[in-house]
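Colleague: Okay, here's what each chain looks like letter by letter:
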Amino acid sequence: MTRFLPFPRVSFCLLALWLLLNQAVTIGHVLLGCVIALVGGRFLTVLELPSTRVRRPGVLLRLLGLVAIDIIRSNLAVGRIILGFGRRQRKSGFVNIPLDMRNPYGLAMLACIITSTPGTLWVNFDAEKGLLMIHVLDLVDEAEWIRSIKQRYERHLLEIFE
Amino acid sequence: MSQLLLIYALAAAQVLLVLAIGCGAVRILRGPRAQDRVVGFDTSSVNAMLLLLTFGIRSGQTLYFEAALAMALFGFVGTVALAKFLLRGEVIE
Amino acid sequence: MNGIEHLPPWAAALTALLVFAGAVVTLVGSLGLLRFGTFYERVHAPTLGTTLGTVFVAAASIVCFSVLQSRPVLHEILIIGLGVVTTPIALTVLVGAARFRDTAEQSAQAHGPEGD
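Protein chains in written order, with my numbering: chain B, 1 to 162; chain P, 1 to 93; chain Z, 1 to 116.
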C-alpha cells in the first residue's frame with residue numbers, strides 16, 4: 001500500500017483533477033487518471049516531505065466552514081472600508097502572535113487561511129521564538145486579534161495535525 | 001426577458017472587470033515601488049481571468065475556461081517569479 | 001451550439017445576478033488598490049477579487065453550463081481551488097520580499113548613504 005501509494009490523498013486529488021479537466025468518467029479516462037495519480041504520487045517521494053496524517057476529518061470540515069464564513073464577513077468589512085463607509089479613523093498595523101503550533105502543514109494551512117481572508121495578512125513567522133507576525137487592515141484591539149486567531153484557527157489546526 | 005437581463009448583466013460585468021483591470025494598470029504605472037507594481041500585476045491577472053470566464057458565459061463555449069485556467073496559472077507563476085526577483089535579484093538560482 | 005438564448009428564465013436570472021455580484025466585488029477590491037496609502041494595505045485589496053469575486057463568477061459559469069448542457073459541469077471548481085491555493089502563496093512570498101527590501105533599505109540608510 002505505502003509503496004504503491006505513498007501519498008493516497010494527493011493521488012486521489014490528481015485522479016479527480018484529471019477527470020474534472022476531461023469532464024468524462026469513462027473507463028479509459030479513469031485508467032489514464034489512475035496511471036497519472038500513481039506516477040505523480042511516486043514523484044512526490046523525491047521531495048522527501050515530512051509525513052503527516054489528518055487526525056480529525058470532522059474538525060477539518062468544521063474549520064473550513066468557519067473559514068468560509070469569516071471570508072464572507074471580512075469581504076463585506078473590507079469592501080465597506082474601501083468604499084469609505086467607515087465612521088471613524090482607521091488604523092492598520094502589525095500584530096505579533098505567539099503560536100504553539102510547529103507542524104509545517106498546520107502552519108502552511110494557517111498561512112493560507114490568514115492571507116486569503118481579506119483584512120489580515122501573514123507577514124513573517126519566527127520559527128525559533130514561535131512568533132507569528134500578521135498585518136491587520138483595521139486594527140482596533142491587538143489582544144482581540146491574538147485571541148481570535150488562536151481560538152478560531154490555531155485550536156482547530158492543533159487538533160487536526162498534532 | 002430574463003435572457004435580455006443576462007445579456008445586459010454580462011455587458012455590465014465586463015465593463016466593471018475592465019475598470020478593475022484599469023485599476024491594476026494604474027497601480028502598475030504609478031506604483032511608487034516595485035512591490036506595488038507586482039501587486040497591480042497580480043490583481044490585473046486575476047481580473048483578466050474573471051473577464052475570460054464572463055466571455056465564456058457570453059459565448060456558451062467551454063473553450064474560454066481553458067484559457068482562464070492557463071491565465072490563472074501564469075498569473076501565479078509570474079507573481080511568484082517577480083517576488084523572487086525582488087527578494088534576490090535573480091529569478092532562478 | 002447552444003447559446004445563452006436557450007437558458008430557462010430562472011437560470012438566466014441567477015447567472016446574471018452571480019456574474020454582476022462577482023464583478024462588483026472584484027471592482028471594489030481593485031479600487032482598494034488605488035485608495036490605500038501604503039504597500040501593506042494595498043496587498044489586502046486583491047484578496048476580495050480572488051475569494052468572493054472568483055467564487056461568484058465561477059458559480060455563474062457552473063449554473064449556466066450545467067443548465068445548457070443538462071448535466072453537471074463542475075470544472076470551474078478547479079479555478080476556485082487554484083485561486084484559493086495559489087493567491088495566498090503568491091501574496092505571502094511578495095510580502096516577504098517587500099519586508100526584506102524595506103529592512104535592507106533601512107539598514108543601508110543607517111550605515112550611510114554610500115551603501116547601495
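Hints were generated in silico from the structure; no laboratory data involved.
Hints may contain errors.
What the hints assert, rightly or not - Calculated pairs, SDA-like style, for lysine to any residue (alpha carbon to alpha carbon, straight line, at most 20 Å): (1) Lys84/P to Trp145/B; (2) Lys84/P to Leu34/Z; (3) Lys91/B to Phe39/Z; (4) Lys91/B to Leu60/B; (5) Lys91/B to Cys112/B; (6) Lys91/B to Phe36/Z; (7) Lys150/B to Phe94/B; (8) Lys84/P to Leu31/Z; (9) Lys91/B to Val85/Z; (10) Lys150/B to Leu60/B; (11) Lys129/B to Gly96/Z; (12) Lys84/P to Asp102/Z; (13) Lys84/P to Glu105/Z; (14) Lys84/P to Phe125/B; (15) Lys150/B to Ile97/B; (16) Lys84/P to Asp141/B; (17) Lys129/B to Arg99/Z; (18) Lys150/B to Arg73/B; (19) Lys129/B to Lys150/B; (20) Lys84/P to Thr86/Z; (21) Lys84/P to Ala111/B; (22) Lys84/P to Gly37/Z; (23) Lys84/P to Val85/Z; (24) Lys150/B to Ala127/B; (25) Lys91/B to Phe100/Z; (26) Lys84/P to Ile89/Z; (27) Lys129/B to Leu139/B; (28) Lys91/B to Glu41/Z; (29) Lys91/B to Ile89/Z; (30) Lys84/P to Arg99/Z; (31) Lys84/P to Cys112/B; (32) Lys84/P to Arg101/Z; (33) Lys84/P to Phe100/Z; (34) Lys91/B to Gly3/Z; (35) Lys84/P to Arg35/Z; (36) Lys84/P to Pro32/P; (37) Lys129/B to Arg155/B; (38) Lys84/P to Phe36/Z; (39) Lys91/B to Glu105/Z.
Colleague: Can you confirm whether the C-alpha distance between Lys91/B and Phe39/Z stays at or below 20 Å?
Modeller: Holds. Lys91/B to Phe39/Z sits at ~14 Å (cutoff 20 Å).
Colleague: For Lys129/B and Lys150/B, compute the direct alpha-carbon distance and say whether it is at most 20 Å.
Modeller: 16 Å, holds
Colleague: With the threshold set at 20 Å, check whether the alpha-carbon distance from Lys84/P to Arg99/Z stays at or below it.
Modeller: 12 Å, holds
Colleague: Quick one, are Lys91/B and Val85/Z close enough, alpha carbons at most 20 Å?
Modeller: 29 Å, violated
Colleague: Need the status of pair Lys84/P, Leu34/Z: alpha-carbon distance at most 20 Å?
Modeller: Violated, because 24 Å separates the two Cα atoms, which is more than 20 Å.
Colleague: Holds or violated: are the alpha carbons of Lys84/P and Glu105/Z at most 20 Å from each other?
Modeller: 17 Å, holds
Colleague: Quickly compare the C-alpha distance for Lys84/P and Phe125/B to 20 Å and report which way the hint goes.
Modeller: Status holds; Cα separation ~18 Å.
Colleague: Keeping to a limit of 20 Å between CA atoms, is the pair of Lys84/P and Val85/Z held or broken?
Modeller: Between Lys84/P and Val85/Z the Cα gap is close to 18 Å, so the pair holds against 20 Å.
Colleague: Regarding the pair Lys84/P and Thr86/Z, is the alpha-carbon distance no greater than 20 Å?
Modeller: Measuring from Cα to Cα gives roughly 15 Å; hence the hint holds.
Colleague: Given the hint that Lys91/B pairs with Glu41/Z, test it: the Cα-Cα distance must not exceed 20 Å.
Modeller: 10 Å, holds
Colleague: Within a Cα-Cα threshold of 20 Å, do Lys84/P and Leu31/Z meet the stated pairing?
Modeller: Not OK: Lys84/P and Leu31/Z at ~26 Å, beyond 20 Å, violated.
Colleague: Taking 20 Å as the top limit, are the C-alpha atoms of Lys129/B and Arg155/B close enough?
Modeller: 19 Å, holds
Checked against the numbered hints listed earlier, the structure breaks hints 1, 2, 4, 5, 8, 9, 16, 22, 25, 27, 29, 34, 35, 38 and 39; every other hint is satisfied.
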